[in-house]
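According to UniProt numbering, the residues represented by the sequence shown are 1 to 309, in order.
Hints were generated in silico from the structure; no laboratory data involved.
One or more of the hints may lead you astray.
Here are the in silico distance ranges between beta carbons for each label pair [unchecked claim]: (1) Arg122 / Gln87: 29 to 35 Å; (2) Ala267 / Ala163: 23 to 29 Å; (3) Arg122 / Leu206: 44 to 50 Å; (4) Ile9 / Ala156: 30 to 36 Å; (5) Gln120 / Tyr175: 27 to 33 Å; (6) Asn178 / Leu203: 35 to 41 Å; (7) Cys130 / Trp210: 40 to 46 Å; (8) Val215 / Val157: 26 to 32 Å; (9) Leu268 / Trp56: 44 to 50 Å; (10) Leu206 / Ala231: 29 to 35 Å; (11) Leu43 / Ala156: 33 to 39 Å.
All residues carry an ideal CB built from backbone N, CA and C; glycine is no exception.
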Amino acid sequence: MLARLAPAIFVLLWSTGWVVAKYAAFFADPLTFLALRYSVAILLFVGFCAATGARWPRSWSLIGHAIVSGIFLHGLYLGAVWWAIGQGVPAAISGIIAGLQPLMTAAVAPFLIGENLSRQQRLGLVLGFCGIALAVLPKTLALDTASTPIHFLPVAVNVLGMAAVTYGTLYQKRYLQNGDIRSIAALQYVGALVVTVPLALMLEDLRVTWNLELVAALAWSVLGLSMGAIALLLYLIRRGQVSRAASLIYLVPPLAAVQAALFFGEALTWPMIVGTIIAVTGVYLTNRKTDSAAPAGERAINVAAGSAK
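Can you make the complete structure from the sequences, with help from the hints?
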């Protein structure tokens, strides 16, 4: 039963990240909350590594690469996304933007790691960017009269976050092919904490309202996302079911949009719906298995390893 349900559960957990970001903003400044989340995640991961006998890197070079990858994969990526949502970017829009990360990875891969794009992948890139433009621009330019407009700067920061996780994913692929993923994950949260604390001190008042709701959001962020999603990811890799999870990853943006509508009443406008469909189609084409490209599951799971922690 777990083998059949694990891919869907993994994607469902992953999609809740944007809803949690919006919910947590009611009780704490975004970067301050993330600093708390990373601190708790480090403690739990260290305990998890000790309990399971994980091997820690023996070279300072590997330790440094793990910390640097964490700066991009968690610190800058989640910091940008959570800050943007705290500044008014709807969780649905943020989820759609983040869903284009595989497209950006495919676009820069030829320049950074020498991967060539097929005609199908280039078509997917065009469709993906057209879809995100259709979904986001009406609200950014105040053309969508059915909902409140959003400012350009938070959207731009959200896109920069996607660029950060794209670079982090490629960095991890290049420098972290070896090593125990459990200890690597712990060190990545150290990197995330190193960059998040100074940003929180510079940009925020360190507001934290301690109550049951905040503790629940923190518990879900750490146990459900930082640890639960990763545990399922490791389980899927071990059982060789990566491709099943990858096929469902394309449902994350619409799932995040539906959850935001249910929990926060965010409007699901027609430009968002149509744009999401076009963007998801573009992501699918870009990651679809071809004779000259790596399997879709392999590329998508690399994205998951970089973003779902």
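Each hint tested on the structure:
Range check, Arg122 to Gln87: about 33 Å between beta-carbon atoms, so the 29 to 35 Å window is met. Taken as a hint, the range 23 to 29 Å holds for the pair Ala267 and Ala163, whose Cβ atoms sit roughly 27 Å apart. Hint check: Arg122 to Leu206, Cβ distance near 46 Å, so the stated range 44 to 50 Å holds. In this structure, Ile9 and Ala156 meet the distance hint of 30 to 36 Å, their C-beta atoms being roughly 33 Å apart.
Against the hinted window of 27 to 33 Å, the Cβ-Cβ separation of Gln120 and Tyr175 comes to about 29 Å, which satisfies the hint. At roughly 36 Å, the beta-carbon separation of Asn178 and Leu203 lies within the given 35 to 41 Å, and the hint holds. Between Cys130 and Trp210 the C-beta distance comes to about 45 Å, which sits within the given range of 40 to 46 Å. The beta-carbon spacing between Val215 and Val157, approximately 28 Å, falls within the hinted interval of 26 to 32 Å.
Between Leu268 and Trp56 the CB atoms are about 46 Å apart, so this pair conforms to the stated range of 44 to 50 Å. Between Leu206 and Ala231 the C-beta distance comes to about 31 Å, which sits within the given range of 29 to 35 Å. For the pair Leu43 and Ala156, the supplied restraint of 33 to 39 Å holds, since their beta-carbon distance comes to about 34 Å.
Hint check: no violations occur; every hint is consistent with the structure.
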